[in-house]
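Peer 1: Listed in order, the protein sequences are those of chains A and B. Heads up: the first sequence is residues 1 to 170, going by this note's numbering. Heads up: the second sequence is residues 1 to 170, going by this note's numbering.
It is possible that some hints are incorrect.
FRET-style restraints, in silico, Cβ to Cβ [as the list claims (entries may be wrong)]:
#1 A:Asn157 x B:Tyr170: 43 to 49 Å
#2 A:Tyr35 x B:Tyr35: 21 to 27 Å
#3 B:Lys48 x A:Arg8: 24 to 30 Å
#4 B:Glu42 x A:Pro11: 39 to 45 Å
#5 A:Phe13 x B:Glu91: 20 to 26 Å
#6 B:Lys79 x A:Pro25: 18 to 24 Å
No farther apart than 20 Å at their CA atoms in a straight line, the calculated lysine-lysine pairs in the PhoX-like style are these [claimed, not checked]:
#7 B:Lys82 x A:Lys79
#8 B:Lys82 x B:Lys136
#9 B:Lys79 x A:Lys15
#10 B:Lys48 x B:Lys135
#11 A:Lys82 x A:Lys136
#12 A:Lys79 x A:Lys135
#13 B:Lys79 x B:Lys136
#14 A:Lys79 x A:Lys136
#15 B:Lys82 x A:Lys82
#16 A:Lys82 x B:Lys15
#17 B:Lys79 x B:Lys135
#18 A:Lys48 x A:Lys135
#19 A:Lys79 x B:Lys15
#20 A:Lys79 x B:Lys79
#21 B:Lys79 x A:Lys82
#22 B:Lys82 x A:Lys15
To be clear about the criterion: a stretch of chain B counts as covered by chain A if any three or more of its residues have a C-beta under 8 Å from a C-beta of chain A, and this derived list gives those stretches [stated by the list, open to error]:
#23 17-26
#24 31-44
#25 51-57
#26 61-70
#27 73-87
#28 96-109
Because the hints were derived from the structure by calculation, they are not lab data. Just so you know, these numbers come straight off a predicted model, no measurement behind them. No residue lacks a Cβ here, since even glycine has one placed at the ideal position from N, Cα and C.
Spelled out from the first residue to the last, the chains are:
2 protein chains.
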Amino acid sequence: MDLNDHIREIPDFPKPGILFRDITPLLSHPEALRYTVDLLAEQVADLKPDYIAGIESRGFIFGVPLACRMGLGFAPVRKPGKLPAATYSAEYVLEYGTDRLELHQDAFPSGSRVLIVDDLIATGGTAAAAVELVKKTGSEIAGFGFIIELTGLAGRNNLPDLPIVSLLQY
Amino acid sequence: MDLNDHIREIPDFPKPGILFRDITPLLSHPEALRYTVDLLAEQVADLKPDYIAGIESRGFIFGVPLACRMGLGFAPVRKPGKLPAATYSAEYVLEYGTDRLELHQDAFPSGSRVLIVDDLIATGGTAAAAVELVKKTGSEIAGFGFIIELTGLAGRNNLPDLPIVSLLQY
Chain A
1 MDLNDHIREI
11 PDFPKPGILF
21 RDITPLLSHP
31 EALRYTVDLL
41 AEQVADLKPD
51 YIAGIESRGF
61 IFGVPLACRM
71 GLGFAPVRKP
81 GKLPAATYSA
91 EYVLEYGTDR
101 LELHQDAFPS
111 GSRVLIVDDL
121 IATGGTAAAA
131 VELVKKTGSE
141 IAGFGFIIEL
151 TGLAGRNNLP
161 DLPIVSLLQY
Chain B
1 MDLNDHIREI
11 PDFPKPGILF
21 RDITPLLSHP
31 EALRYTVDLL
41 AEQVADLKPD
51 YIAGIESRGF
61 IFGVPLACRM
71 GLGFAPVRKP
81 GKLPAATYSA
91 EYVLEYGTDR
101 LELHQDAFPS
111 GSRVLIVDDL
121 IATGGTAAAA
131 VELVKKTGSE
141 IAGFGFIIEL
151 TGLAGRNNLP
161 DLPIVSLLQY
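With the rest of the complex left out, here is chain A (with noise of 0.2 Å):
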């Protein structure tokens, strides 16, 4: 199966001059969706992770999935005062101004690996507060699975030096 047929590009959303690749053709395809979560399990099975991490929120489209696939936990990302407990916090750069995520302090086990997960990687920024918050945590990284990587953004050397699984680049 190729999911590039199950990806729609919608030019110049959000705004005038970009290409949105819009994935909900995939998600709305039994099959397509499917395929995309197996196939994901099976390119980061090597990095063996105990617990996903998703990012809010198509990181809990694509997340959540891959961790009922792959008898895991899960545990959200989130966008400031969305999670009820105690949070560790991470700033990342917009276009103009910052903005930040936050993960519940107690969300793994000490030790744990931990696989972040987000439908598409652009400059990396919420990815790289995403790997400040787990590293909170006392976890570590075991690595990264995006379904999309816009490899012109090279959002790849925002990252720490880990194991990088994207399933389609453009």
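Once you've looked at the hints, dock chain B against the given chain A.
Peer 2: Same frame as chain A, but now just chain B:
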């Protein structure tokens, strides 16, 4: 397995007087997470859905693995401005003011049977907005699947007379 053992009570979140039911312990427990998805799949099987519509963002957490488990497609019901193609929009009432949810116009083939999924039903406002959106696409509602139902808020009364599955009631 008693899923209650994996729901954490957080007093005074998000504001004083509210007892928040935190699902993150359930998510972090591999067997509890998989059992939850299996149980929900079993209890909604008779509704014979063709698609799952999950409400941003905790509806994604359970809706996508449910779709994978049942071999169905998934469509995200999102906050305004997040979906890149042509959308329908529906308003719902908050404590102070209103907000909107959106769904892609081409989310489902017309005449599909759609199961609406969220982690929790409180007043039923967002689920009712999701009903309006699914109907606009020309599909019908197969029913509703929630992990938690706050029965004291009588959210069922705000939904059409269709099957509602909830795994835990408080």
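Peer 1: Look at each hint and say if it fits the structure.
Peer 2: Each hint tested on the structure:
no.: 1; hint: A:Asn157 x B:Tyr170: 43 to 49 Å; result: 47 Å, holds
no.: 2; hint: A:Tyr35 x B:Tyr35: 21 to 27 Å; result: 25 Å, holds
no.: 3; hint: B:Lys48 x A:Arg8: 24 to 30 Å; result: 28 Å, holds
no.: 4; hint: B:Glu42 x A:Pro11: 39 to 45 Å; result: 43 Å, holds
no.: 5; hint: A:Phe13 x B:Glu91: 20 to 26 Å; result: 23 Å, holds
no.: 6; hint: B:Lys79 x A:Pro25: 18 to 24 Å; result: 20 Å, holds
no.: 7; hint: B:Lys82 x A:Lys79; result: 15 Å, holds
no.: 8; hint: B:Lys82 x B:Lys136; result: 19 Å, holds
no.: 9; hint: B:Lys79 x A:Lys15; result: 17 Å, holds
no.: 10; hint: B:Lys48 x B:Lys135; result: 17 Å, holds
no.: 11; hint: A:Lys82 x A:Lys136; result: 19 Å, holds
no.: 12; hint: A:Lys79 x A:Lys135; result: 18 Å, holds
no.: 13; hint: B:Lys79 x B:Lys136; result: 17 Å, holds
no.: 14; hint: A:Lys79 x A:Lys136; result: 17 Å, holds
no.: 15; hint: B:Lys82 x A:Lys82; result: 18 Å, holds
no.: 16; hint: A:Lys82 x B:Lys15; result: 12 Å, holds
no.: 17; hint: B:Lys79 x B:Lys135; result: 18 Å, holds
no.: 18; hint: A:Lys48 x A:Lys135; result: 17 Å, holds
no.: 19; hint: A:Lys79 x B:Lys15; result: 17 Å, holds
no.: 20; hint: A:Lys79 x B:Lys79; result: 14 Å, holds
no.: 21; hint: B:Lys79 x A:Lys82; result: 15 Å, holds
no.: 22; hint: B:Lys82 x A:Lys15; result: 12 Å, holds
no.: 23; hint: 17-26; result: holds (count 3)
no.: 24; hint: 31-44; result: holds (count 3)
no.: 25; hint: 51-57; result: holds (count 3)
no.: 26; hint: 61-70; result: holds (count 7)
no.: 27; hint: 73-87; result: holds (count 8)
no.: 28; hint: 96-109; result: holds (count 3)
Consistency with the previously given hints is maintained throughout, with no hint failing.
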